[in-house]
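Chains as they are written, first to last, in numbering that gives the first Met the number 0: chain X, 0 to 741; chain R, 0 to 89.
Since the hints were made in silico from the structure, they are not lab data.
The beta-carbon is built from N, C-alpha and C at its ideal position, and this holds for glycine as well.
Please note that a few of the clues may not be correct.
[What the hints assert, rightly or not] Calculated pairs, BS3-like style, for lysine-lysine (alpha carbon to alpha carbon, straight line, at most 30 Å):
{"no.": "1", "chain 1": "R", "residue 1": "33", "chain 2": "R", "residue 2": "57"}
{"no.": "2", "chain 1": "X", "residue 1": "248", "chain 2": "R", "residue 2": "33"}
{"no.": "3", "chain 1": "X", "residue 1": "39", "chain 2": "X", "residue 2": "248"}
{"no.": "4", "chain 1": "R", "residue 1": "52", "chain 2": "X", "residue 2": "149"}
[Said to hold, decoys possible] To spell it out: a stretch of chain R is covered by chain X in this simulated footprint if at least three of its residues, at any positions, have a beta carbon under 8 Å from a beta carbon of chain X; those stretches are:
{"no.": "5", "region": "23 to 29"}
{"no.": "6", "region": "52 to 60"}
{"no.": "7", "region": "68 to 77"}
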Amino acid sequence: MSALPNTVSSAKRLRRVALIGNPNTGKSTLFNCLTGMRQKVGNYSGVTVQKKTGATLIGSERVEILDLPGTYSLAATSPDERVVVDALRGEVENLDRPDVALCILDATNLQRNLFLAYQIGQLGVPMVLALNYWDSAKKRRIDVDVEELKARLGVPVVPISASRAEGIDALKTAVGEALDTGPKLVTPEWPETIQEAVSAARSALPAASDARLDDAAVMRGVFESDGEIFTRSGASTSEAEAALEASRKALFKGGLNPANAEAVLLYQHIKEVVEPCVSSGERTGPAGSESIDSILTHKWWGLVAFLGLMYLVFQSVYSWAGPFMDWIDAGKGLVQDAVSGGLERWPMVQSLASDGIVEGVGAVVIFLPQILILFFFISLLEDTGYMARAAFLMDKLFSWCGLSGKSFVPLLSSYACAIPGVMATRTIQDPKARLVTILVAPFMSCSARLPVYVLMIGAFIEPRYGAGVAGATLFGMHFVGLIVAMPFAYLMNKYILKTPPQPFLLELPSYQIPKVRDVFLKMYNQGKEFVVNAGTVIFAITIVIWALLYFPRSESVALEAEQNYVVELMAENGWSESIAAQRLSEDEELGMELEHRISSAYIEQSVMGRIGKTVQPAFDAAGFDWKITVGVLASFPAREVIISTLGIIYSLGGDVDEEAGDLREAMAGQTWQSGPRAGQPIFTIPVVIAIMVFFALCQQCGATLAIIAQETSWRWAGVSFGFMTLLAWLASIAINQVGSWF
Amino acid sequence: MYTETRSQQEKRRPDLKTLNDLIDGQTAEIGSYKRTVGVSRRLMELGLMPGVKVRFIKSAPLGDPIALEVEGRQLSLRREDAAQIIVQPV
Numbered sequence: 000m001s002a003l004p005n006t007v008s009s010a011k012r013l014r015r016v017a018l019i020g021n022p023n024t025g026k027s028t029l030f031n032c033l034t035g036m037r038q039k040v041g042n043y044s045g046v047t048v049q050k051k052t053g054a055t056l057i058g059s060e061r062v063e064i065l066d067l068p069g070t071y072s073l074a075a076t077s078p079d080e081r082v083v084v085d086a087l088r089g090e091v092e093n094l095d096r097p098d099v100a101l102c103i104l105d106a107t108n109l110q111r112n113l114f115l116a117y118q119i120g121q122l123g124v125p126m127v128l129a130l131n132y133w134d135s136a137k138k139r140r141i142d143v144d145v146e147e148l149k150a151r152l153g154v155p156v157v158p159i160s161a162s163r164a165e166g167i168d169a170l171k172t173a174v175g176e177a178l179d180t181g182p183k184l185v186t187p188e189w190p191e192t193i194q195e196a197v198s199a200a201r202s203a204l205p206a207a208s209d210a211r212l213d214d215a216a217v218m219r220g221v222f223e224s225d226g227e228i229f230t231r232s233g234a235s236t237s238e239a240e241a242a243l244e245a246s247r248k249a250l251f252k253g254g255l256n257p258a259n260a261e262a263v264l265l266y267q268h269i270k271e272v273v274e275p276c277v278s279s280g281e282r283t284g285p286a287g288s289e290s291i292d293s294i295l296t297h298k299w300w301g302l303v304a305f306l307g308l309m310y311l312v313f314q315s316v317y318s319w320a321g322p323f324m325d326w327i328d329a330g331k332g333l334v335q336d337a338v339s340g341g342l343e344r345w346p347m348v349q350s351l352a353s354d355g356i357v358e359g360v361g362a363v364v365i366f367l368p369q370i371l372i373l374f375f376f377i378s379l380l381e382d383t384g385y386m387a388r389a390a391f392l393m394d395k396l397f398s399w400c401g402l403s404g405k406s407f408v409p410l411l412s413s414y415a416c417a418i419p420g421v422m423a424t425r426t427i428q429d430p431k432a433r434l435v436t437i438l439v440a441p442f443m444s445c446s447a448r449l450p451v452y453v454l455m456i457g458a459f460i461e462p463r464y465g466a467g468v469a470g471a472t473l474f475g476m477h478f479v480g481l482i483v484a485m486p487f488a489y490l491m492n493k494y495i496l497k498t499p500p501q502p503f504l505l506e507l508p509s510y511q512i513p514k515v516r517d518v519f520l521k522m523y524n525q526g527k528e529f530v531v532n533a534g535t536v537i538f539a540i541t542i543v544i545w546a547l548l549y550f551p552r553s554e555s556v557a558l559e560a561e562q563n564y565v566v567e568l569m570a571e572n573g574w575s576e577s578i579a580a581q582r583l584s585e586d587e588e589l590g591m592e593l594e595h596r597i598s599s600a601y602i603e604q605s606v607m608g609r610i611g612k613t614v615q616p617a618f619d620a621a622g623f624d625w626k627i628t629v630g631v632l633a634s635f636p637a638r639e640v641i642i643s644t645l646g647i648i649y650s651l652g653g654d655v656d657e658e659a660g661d662l663r664e665a666m667a668g669q670t671w672q673s674g675p676r677a678g679q680p681i682f683t684i685p686v687v688i689a690i691m692v693f694f695a696l697c698q699q700c701g702a703t704l705a706i707i708a709q710e711t712s713w714r715w716a717g718v719s720f721g722f723m724t725l726l727a728w729l730a731s732i733a734i735n736q737v738g739s740w741f
Numbered sequence: 000m001y002t003e004t005r006s007q008q009e010k011r012r013p014d015l016k017t018l019n020d021l022i023d024g025q026t027a028e029i030g031s032y033k034r035t036v037g038v039s040r041r042l043m044e045l046g047l048m049p050g051v052k053v054r055f056i057k058s059a060p061l062g063d064p065i066a067l068e069v070e071g072r073q074l075s076l077r078r079e080d081a082a083q084i085i086v087q088p089v
């Protein structure tokens with residue numbers, strides 16, 4: 000978001016409607032229905048909760064719709080819920096209190112849904128209620144007396160079917176009227192004890208913070224037994240605790256349990272209000288869902304169906320994205336050629352444009368096919384209601400180490416690429432399980448590691464041990480990260496992320512047919528957010544690495560490389576200097592070889608080359624020479640870069656791929672130039688395995704770091720980077736050292 | 000933290016059943032919560048209030064978590080949390 004004040008909106012701010020509701024009430028469908036393509040996606044400042052806003056026309060007035068995260072209650076235990084409370088109280092930076100809360104309720108489950116509505120009403124925000132799933136309520140013979148409900152609640156109540164766009168006009172009219180009249184929900188008459196508890200808390204708070212909080216806010220603090228509302232109004236932690244203690248005493252005295260006073264009293268009240276308005280033909284859930292579940296969560300068939308579906312999702316991200324990525328790559332090549340052709344006279348600008356800018360844009364766009372395909376499937380899985388079943392099936396496998404059943408899809412996608420994988424963790428509501436999943440995701444063996452494995456295995460394992468061992472090694476490499484990740488998650492969960500215990504709660508919503516527009520908009524928003532946020536960082540990293548590999552670039556390096564080559568040609572062929580020079584300018588093959596040698600010399604002289612030589616001693620124990628070290632360092636923005644970097648360093652040019660025979664030959668021919676190992680080959684089997692394990696464990700992906708920072712914070716991105724790199728370094732040393740004993 | 004094993008519990012109060020002890024298809028009424036920390040507040044907010052009837056649908060293929068029907072909705076809980084809810088089978 001722009002840091003500059005938006006002059007249009009500050010002159011005449013649009014009136015704002017906050018859309019809020021329980022999960023699985025069709026909130027996104029209603030939001031998409033109201034706003035269409037007029038949506039903006041961003042983050043709330045300071046927290047990593049997705050902020051979705053859009054605009055809709057009510058009459059001739061443009062009204063802003065703020066889509067708040069779905070929640071069951073305002074009792075804040077996660078950042079999502081905290082944002083909801085803050086937004087409704089007008090405490091979010093640059094975001095005034097909404098003019099109306101549009102609360103969407105599931106008409107087939109009014110009592111539970113009204114719990115949240117009452118909590119919002121208590122905060123004093125004007126309200127309109129939308130009763131969604133009106134069609135299925137009718138089908139299930141649940142009869143709601145809308146007029147009676149309206150009269151009892153004191154706010155407009157509009158039945159809608161968001162997926163069929165029914166009742167939307169009536170809803171808009173009701174919201175338009177509410178913007179002018181500000182109808183408020185008739186709040187329950189709380190027993191004396193509650194008022195006493197609020198007063199007790201107030202008198203224990205310092206005057207300044209007491210003055211900043213209204214009764215509704217203090218009541219939330221009392222009900223939640225959580226001091227955060229108090230501390231944020233200026234009270235110290237001990238003062239907040241004293242206020243809570245005073246309120247608890249008052250509640251106990253009145254015979255209420257502080258842990259459940261709100262739930263008990265509010266549900267009692269809701270029951271009294273709602274029961275006369277609702278007559279229900281059948282009390283059981285929709286029969287359809289349970290009969291589908293008799294297969295999809297069946298002991299055996301459920302697992303078979305699950306594995307089949309996951310295989311499809313993985314295949315699509317892994318394989319179907321391939322052609323699109325190839326086209327992007329080819330397109331990038333064409334643009335690079337065109338740009339290079341036009342800029343031949345200015346080599347620095349040419350290299351910056353081609354290897355820096357175009358490469359950087361390509362590095363961002365290349366991820367889009369995988370992200371879009373994955374989110375296509377994720378929207379389908381979520382909108383049909385299957386995602387919750389998948390979590391139900393898989394939870395046992397993940398719960399022991401602090402992950403949840405919902406971690407499965409993100410981790411599986413991370414096997415294709417950690418970028419969409421980390422983005423997919425948004426489906427995990429529990430903030431702790433989400434963070435652990437994000438930190439574990441980059442350990443999964445993504446497709447960018449594959450070229451490294453193929454190169455190493457093809458060059459050294461297969462010629463020596465045959466195709467069988469080669470295949471087994473490739474298979475085994477895909478589990479290295481997973482084996483390390485699970486205990487890591489366990490330790491992380493047990494010793495580092497200490498949060499109060501939260502029950503694992505999963506609603507298994509009724510199966511639904513997904514809406515094409517919802518699926519499309521989700522893909523579009525995710526793709527756009529990636530390009531805008533993470534894309535910028537990925538682009539910047541690419542430019543920085545380009546500069547490190549390009550500078551300094553003095554003419555003398557090229558001249559020296561040419562001189563050396565001429566001398567070599569003279570010695571090899573018995574040519575005189577002038578013949579050698581002439582051949583060099585005429586023979587295309589020799590010219591190409593010279594160019595490769597110059598590139599190689601430049602890399603050696605570049606800042607990155609020097610850094611590589613400087614830090615090489617740290618990798619000495621792992622058996623990496625300075626060339627491998629430069630390859631490793633240059634791969635920090637993206638792992639697959641090592642192939643082309645090695646190609647340049649070994650004077651083969653940057654266009655080599657992992658199947659290239661000459662690259663394999665060049666590597667096999669590398670020997671130590673000096674030191675105790677002088678003359679011995681560099682790429683021994685332990686070194687080869689050490690390199691592969693290093694790539695398996697290391698956080699060598701600028702894009703992943705950028706996306707982790709986007710989804711959490713730079714602090715966690717730093718933790719991920721530091722921990723994985725350290726682990727990779729230690730593991731590669733251990734493997735080379737142990738391997739050398741045999 | 001020390002938690003009672005099932006058998007210890009049953010020795011003490013053999014009639015005390017939790018949500019965890021129900022079998023597929025069995026219906027029970029929620030009595031009270033063993034621990035009244037954040038866990039119970041969350042569950043109650045979702046409608047798992049004392050007096051409410053729940054039907055145990057089934058457990059997941061790997062034994063945990065379990066699926067319940069509460070007021071026409073299907074919810075899933077881990078056994079660890081379900082063991083906190085004392086029920087009266089009906």
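So, going through the hints one by one against the coordinates:
{"no.": "1", "hint": "R:33 with R:57", "result": "23 Å, holds"}
{"no.": "2", "hint": "X:248 with R:33", "result": "21 Å, holds"}
{"no.": "3", "hint": "X:39 with X:248", "result": "46 Å, violated"}
{"no.": "4", "hint": "R:52 with X:149", "result": "28 Å, holds"}
{"no.": "5", "hint": "23 to 29", "result": "violated (count 0)"}
{"no.": "6", "hint": "52 to 60", "result": "holds (count 4)"}
{"no.": "7", "hint": "68 to 77", "result": "holds (count 9)"}
The structure fails to meet hints 3 and 5 from the earlier list, while all remaining hints are met.
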